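Novice: So you can see what is in the structure, the chains are spelled out below.
There are 4 protein chains.
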Amino acid sequence: MIKVSVVGAKGRMGSHVVDAVNGANDMELALTLDAGDDLTLITPDNTDVVVEFTVPSVSLGNVLALIAQGVDVVVGTTGWNDEKLAQVRQAIAEGPKPETQKVFIAPNFAISAVLADYFAAKAAKYFESAEVIELHHPTKVDAPSGTAIHTAQAIGAARKAAGLGDMPDATETDGGSRGQVIDGVHVHAVRLRGLNAHEEILLGNAGEQLTIRADSFDRGSFMPGVLLATRKLATDAPAGLTIGLDQFLDL
Amino acid sequence: MIKVSVVGAKGRMGSHVVDAVNGANDMELALTLDAGDDLTLITPDNTDVVVEFTVPSVSLGNVLALIAQGVDVVVGTTGWNDEKLAQVRQAIAEGPKPETQKVFIAPNFAISAVLADYFAAKAAKYFESAEVIELHHPTKVDAPSGTAIHTAQAIGAARKAAGLGDMPDATETDGGSRGQVIDGVHVHAVRLRGLNAHEEILLGNAGEQLTIRADSFDRGSFMPGVLLATRKLATDAPAGLTIGLDQFLDL
Amino acid sequence: MIKVSVVGAKGRMGSHVVDAVNGANDMELALTLDAGDDLTLITPDNTDVVVEFTVPSVSLGNVLALIAQGVDVVVGTTGWNDEKLAQVRQAIAEGPKPETQKVFIAPNFAISAVLADYFAAKAAKYFESAEVIELHHPTKVDAPSGTAIHTAQAIGAARKAAGLGDMPDATETDGGSRGQVIDGVHVHAVRLRGLNAHEEILLGNAGEQLTIRADSFDRGSFMPGVLLATRKLATDAPAGLTIGLDQFLDL
Amino acid sequence: MIKVSVVGAKGRMGSHVVDAVNGANDMELALTLDAGDDLTLITPDNTDVVVEFTVPSVSLGNVLALIAQGVDVVVGTTGWNDEKLAQVRQAIAEGPKPETQKVFIAPNFAISAVLADYFAAKAAKYFESAEVIELHHPTKVDAPSGTAIHTAQAIGAARKAAGLGDMPDATETDGGSRGQVIDGVHVHAVRLRGLNAHEEILLGNAGEQLTIRADSFDRGSFMPGVLLATRKLATDAPAGLTIGLDQFLDL
Chain R
312 MIKVSVVGAK GRMGSHVVDA VNGANDMELA LTLDAGDDLT LITPDNTDVV VEFTVPSVSL
372 GNVLALIAQG VDVVVGTTGW NDEKLAQVRQ AIAEGPKPET QKVFIAPNFA ISAVLADYFA
432 AKAAKYFESA EVIELHHPTK VDAPSGTAIH TAQAIGAARK AAGLGDMPDA TETDGGSRGQ
492 VIDGVHVHAV RLRGLNAHEE ILLGNAGEQL TIRADSFDRG SFMPGVLLAT RKLATDAPAG
552 LTIGLDQFLD L
Chain D
312 MIKVSVVGAK GRMGSHVVDA VNGANDMELA LTLDAGDDLT LITPDNTDVV VEFTVPSVSL
372 GNVLALIAQG VDVVVGTTGW NDEKLAQVRQ AIAEGPKPET QKVFIAPNFA ISAVLADYFA
432 AKAAKYFESA EVIELHHPTK VDAPSGTAIH TAQAIGAARK AAGLGDMPDA TETDGGSRGQ
492 VIDGVHVHAV RLRGLNAHEE ILLGNAGEQL TIRADSFDRG SFMPGVLLAT RKLATDAPAG
552 LTIGLDQFLD L
Chain H
312 MIKVSVVGAK GRMGSHVVDA VNGANDMELA LTLDAGDDLT LITPDNTDVV VEFTVPSVSL
372 GNVLALIAQG VDVVVGTTGW NDEKLAQVRQ AIAEGPKPET QKVFIAPNFA ISAVLADYFA
432 AKAAKYFESA EVIELHHPTK VDAPSGTAIH TAQAIGAARK AAGLGDMPDA TETDGGSRGQ
492 VIDGVHVHAV RLRGLNAHEE ILLGNAGEQL TIRADSFDRG SFMPGVLLAT RKLATDAPAG
552 LTIGLDQFLD L
Chain B
312 MIKVSVVGAK GRMGSHVVDA VNGANDMELA LTLDAGDDLT LITPDNTDVV VEFTVPSVSL
372 GNVLALIAQG VDVVVGTTGW NDEKLAQVRQ AIAEGPKPET QKVFIAPNFA ISAVLADYFA
432 AKAAKYFESA EVIELHHPTK VDAPSGTAIH TAQAIGAARK AAGLGDMPDA TETDGGSRGQ
492 VIDGVHVHAV RLRGLNAHEE ILLGNAGEQL TIRADSFDRG SFMPGVLLAT RKLATDAPAG
552 LTIGLDQFLD L
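Protein chains in written order, with our numbering: chain R, 312 to 562; chain D, 312 to 562; chain H, 312 to 562; chain B, 312 to 562.
The shape of chain R in the complex, shown without the other chains:
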């Protein structure tokens, strides 16, 4: 049984993690902490893996404290940048178990979204055309989504590496209907009440189309990815800092 503690256990995501751990046959819930609780309660004795889902302003501090405790951490909080990541790497090197400490950070725990992004990049060089449509609830403040930008960049890079030129396109398109062009890939953003987070990648050749679509219907969509990462940290994940769920998928 993997002993899992949750930091941010009362939050929107953290409470889902608690439920997911309780529902997993190979895990048992250890400590559940939230704002104000003492992180030093978490030790290698009571915890194999900590799942941290809080807010960007406190997440770095939590991760550094947990490394100092010598426990492995799966981080679901967003807001990481190169500087923060460097601090994590330094803390691992200076921590109690520099050779075996594991920290995992992912911008997206939805397996379907990570796979869609990966498959689209793999497929891109075999198609003459590629476009990305992302669809979200209308209370999302920005457009397009970070995931869609990443997918477009990955497609653009794959096309460039394969020596593909510009895609064929309409020539009279003044009104903006053709969307935003990111690294040569047209990206369209739909905002529709009722939706949550969805992405569709369209790839086309003469006479054929490949469509890859990831639907995240609710926050529960992150849990299979969180459990997968937790299991990897408890078994064969490499030591050090690992970034991105694709690193843990057998692709």
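Don't take every hint at face value.
Which copy is meant is left open, because identical chains are indistinguishable; a pair holds if it fits in one copy or across any two.
Stated by the list, open to error - Capping the alpha-carbon separation at 25 Å, the derived lysine-lysine pairs in BS3-like fashion look like this:
| hint | residue 1 | residue 2 |
| --- | --- | --- |
| 1 | K314 | K436 |
| 2 | K436 | K451 |
| 3 | K321 | K436 |
Worth flagging that the hints you see were computed from the coordinates, not collected in a lab. Given the structure is predicted, the values throughout are model-derived calculations rather than measurements.
Knowing the structure of chain R, use the given hints to seat chains D, H and B on it.
Specialist: Coordinates of chains D, H and B only, in the frame set by chain R:
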């Protein structure tokens, strides 16, 4: 048996019409004319309905000549405007059978596209959000498609008539990913090798979505609509000029 | 302001109704009752419309009691049959306001599902082929869904009324992949973790396809329909028993 | 420039190959042969790669003859079995260039279909549920399609290898709506006028769905795959018999 003559019989669409008429159990092919042929060969004796699929520069002249011959006409050629339509109405009034002459002109003979447009307008007032995605082959010169513009206008008009306000939307969308706004409705245009002509209308409420999609895979997609219009002219269509396939659908 | 009371207010659906009424600008929440509460607390003085979402075993009794109280009722509970409906009609006739009493019962309050069903039936006679795919979460015990059966029956009836014959089909299909045939229409049921309740109707002619899809992502999908019915009962709905949300849609 | 000869050049597929070769910047059309023509006209002097698209009854003989001529062959004809493949291998071993002879046979040249099949198998172990829907024109005699069977088998094998158990399912499903079960995977076949050849794989976890769809709109959909295989044979494909387009994709 309905006797059908085809004008523009060697053209891309006209040759499909010839095949479709030959394949219809209740029709027989009368004359097949093309550029340079004498339209006065077509008479009420040999023809019940003429299907005219030529080019905008000659279509008006053809239709006027066929009205003068006293035969009913289904027109698939595009490029009509109010002035040209007025000439058709005048020709009917001054022609040999002003009380019974029938002329039918439609911008789109694909039944699926006409129904999608109609259903979207019907449904619009029951949804908080609505967006239009049209997808075409990349050699189509313009974007968005005329059909998508019409659908957006119809949705916008239905929302306005129902007293609906603006749709909820993202607030940080500088890059153009949100597409073109037509009468308050966001319209996205995809151009992808392998596609032909497709339109998808997305309608959303809290917790639910209605999607209506029309796919036209090839020119054959117009034939069921052409045959339907031809049968209507041969039976119970009203006299005079009728515009739009929705007029002949029982909706 | 429409005064709305909720019976079954602590139930899964009822609690959503309470939230939806509280969120509606033109409604105010009157009484919220649940099992064991006294229905005679609800009177025309404090309530314009009651929304009843309980369980089949008690719903008929509740509705009869509410009719006796002289308040109008929107019923979301399932499990109605001809005998029960006859009892409702009799109770209206013998109740305190036989000329003005309004009762509304609907098997499905999701507007998108009701519209999809209606549009599919409207479109059916214009297409050579039609099939229904319904998709649900895998804890739904039965397959296919009642909605899919209804849609298939409606398509079958429309085809028969239009004189259409059998659809073209494969001839070597021993293994069951072609699904269940209901009134001549093939119905396929998908059961997939992550889904809620979805239905897709495919209609095809040579070269073209019309697809109509309704997605119900969660129980909230019923609320726009519940509010719409509540508003109709408070304004221009006809007296007596009305069945089906399509009766209240302007189609 | 790759010199390409076509055997079966007047056939449905062969004529498309002729057009595709003529349209490729890096290829030139060498000989075009059809039934009755002398295959010994094709030699290493005039031809780098032969594309053979005929019928099962003559394809083996053609391939053996072309191996005897010492030219490399891309075979698009179907109907291969273990016995025939063994004859091809023997002919290579006994032919004029046993060390360098290349023969490529593929059951499906649509890149989108091959990728969809491959991606589905890769993703399968990460999802609790998986189903396959294939959709074809109604003049296809059999159901389900060979491709769908292959996809279901690949998903089933991936699940078994990962130790996944049965998928969750409805329990009351007498009528056949749940489709055909192949290696534990439900397969549904739609037959709809207007369609050509399409496959959709649905993968679901709590809260999320991954959908992979391949559309083949017409025979032209095979040409990118045929050209890709031809280029591989002219460059870095391994000697001997290679089976399946996935062998030539960088996955």
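Novice: Determine for every hint whether it applies to the structure shown.
Specialist: Each hint tested on the structure:
For a Cα distance limit of 25 Å, the shortest separation of K314 from K436 across copies, 24 Å, qualifies, whereas the shortest one inside one copy, 43 Å, does not. Taking the closest pair of Cα atoms, K436 and K451 come within 25 Å of each other only across two copies (23 Å); inside a single copy the shortest separation is 32 Å, beyond that limit. For the identical chains of this complex, K321 and K436 are neighbours neither inside a copy (44 Å) nor across copies (31 Å), given an alpha-carbon limit of 25 Å.
Hint compliance for this structure: hint 3 alone is broken.
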